[in-house]
Structures are given as structure tokens and as C-alpha cells.
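Here UniProt numbering is used: position 22 in the sequence shown is 22, and no number is missing along the way.
Rather than coming from a laboratory, the hints here were simulated on the basis of the structure. Do not rely on the hints blindly, as some may be mistaken.
[Claimed, not checked] As a list, the in silico DSSO-like pairs of lysine-lysine whose alpha-carbon atoms are at most 30 angstroms apart:
id, residue 1, residue 2
1, K43, K111
2, K106, K210
3, K111, K45
4, K45, K210
5, K210, K43
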Amino acid sequence: MDIVLALKALIMGLVEGFTEFLPISSTGHLILTASLLEFTGEKVKVFEIAIQGGAMLSVIWEYRARIAAVLAGLGSDPKARRFTTNVIIGFLPAAMLGLFFSGIIKAQLFKPVPVAAAFIIGGFVILWVERRARNNPVSVRIHAVDDMTTLDALKVGCAQAFALIPGTSRSGATIIGGMMLGLSRKAATEFSFFLAIPTLLGATFYSLYKARELLSTADLPLFGVGSIAAFVSAFLCVRWLLRYISTHDFTIFAWYRIVFGIVVLATAYTGTVAWVD
């Protein structure tokens, strides 16, 4: 494997892992990073989705005891069955819409400027939701994932579907959407983690299946480097985020999105950076 390609794959994997579970859009960061690295093409688009599987594995590892308990209790524990049902229902809206519209979205929106616009809009949405949460703290009605109803899961799943727009952020859509629907910050964040398992796993396998004629065994080392880097960095990020939300809100991420989006739009408009689609 070419050392330059390996380095690009490593950087992309680190970017994926450090941004997947934060409300700042991993897809948007990957598109912008790939543009700066001149790491583009149809195969790279598949790579960007595939390495999400590495990030997803970090959640499985972090919550391995919880997941094992749920699987063991599916036959006898109503709480385990309800939890599993909620995750499946929350996964379905984005999955179904993705099947129908992923081609159009990739063709029209997987570009730096639309991503930057989504960054800015999403940032203002987060600021509004956080201000609403500060002014109405009693609006929280769900403090743990196990307290969610099927309808709650469906609503959060519909919020996750907005993340099909690159730059929106899957974790941001589910966490902020969950908070708007009455989930505590911790419950919304944890449910976002659990939704990542079927969502990212499904996206990874579906993308690899559709691109099976484009890929070969020679691509395995490249995908392996990116996936391993994504796993390690995502694991560190998940651990950090769980500590962070215990004492902080998401305002800093909102301002980061807004400033970063403005910088991308300004550099694109002035020609300072030749962003590559």
C-alpha cells in the first residue's frame, strides 16, 4: 500500500472517530478533509461510509455488558425486548429514506459548500435548543433510555433522518432531537450511541455491497487502516463525551459549527481554498 494513501486513510479514520459521536457531523468533516487531502473519487465515498463501521464498534465495546445483558434477556425480560424494539424502530426512518434518496443526496449535497451551510444552520439550531433547555428545565420527562416509549423512539428516529443531509450530524440530530422531545441530555446521548449500531452497520454493509464491483482485495489494507483509526479515536471520544455531558451543554459545539462553516464558505467564495467536490 502506498505510504501517502495509508497516511490519508489514517487521517480520515481519525477524523471519523473523533467526530462521529459529537454533534458536529462526521460526514461533513470527512467530505471537507477529503477535499483538502485531494482524496476523492467514487471509491473514497465508499471508504468514508465503510470506516463508520470502525467507529460503531467502539460503542459495542463500551456498552458490551449492557448489550450482552439485553441479548441474554430477549426471551424473558420485557425491558430487554422493549429496548431492542425501540432501537429497531428508531433505526427505520433513516434506513428507509436512505434507501430511496441516498443517490440523489450523494450527487447533490456531498460537496463542501452545502456541507458548510448545513454546519451553520445546525449550529443555530443547537443554540436555540440549549437556550430552550436552560429556560425550561422541567420539560425533561425521560431521564434514562429504558424509560422511552416506542413513540419516543420513533420520533427520535425521525430526527435522525435529518442527518441524511451531510453536515447535519447524525449524533447531533438524534441528541438535539431527543432533547426537544423531552429526553435528558444523558438519555438522548446514550440513545444516539445505541442507534449508531444498526445505522452505521447497515450503512457500511449496504455501501460495500453496492460498490462490490468497484472494490477488490487490494483495497483491504486501506480500509483496514481507516477503520482501526476510527475505532480507537471513537472509543476515546465516547469515553470523553460521557464525562463532558455530565457538567456541560452543547453550546461550544454549536459555535464551532457556525465558525467552521463560515470559514469554509469564506474560503470557497474568495478562492483561498480550492475545495474539491
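Hints violated by the structure (listed by number, smallest first): none
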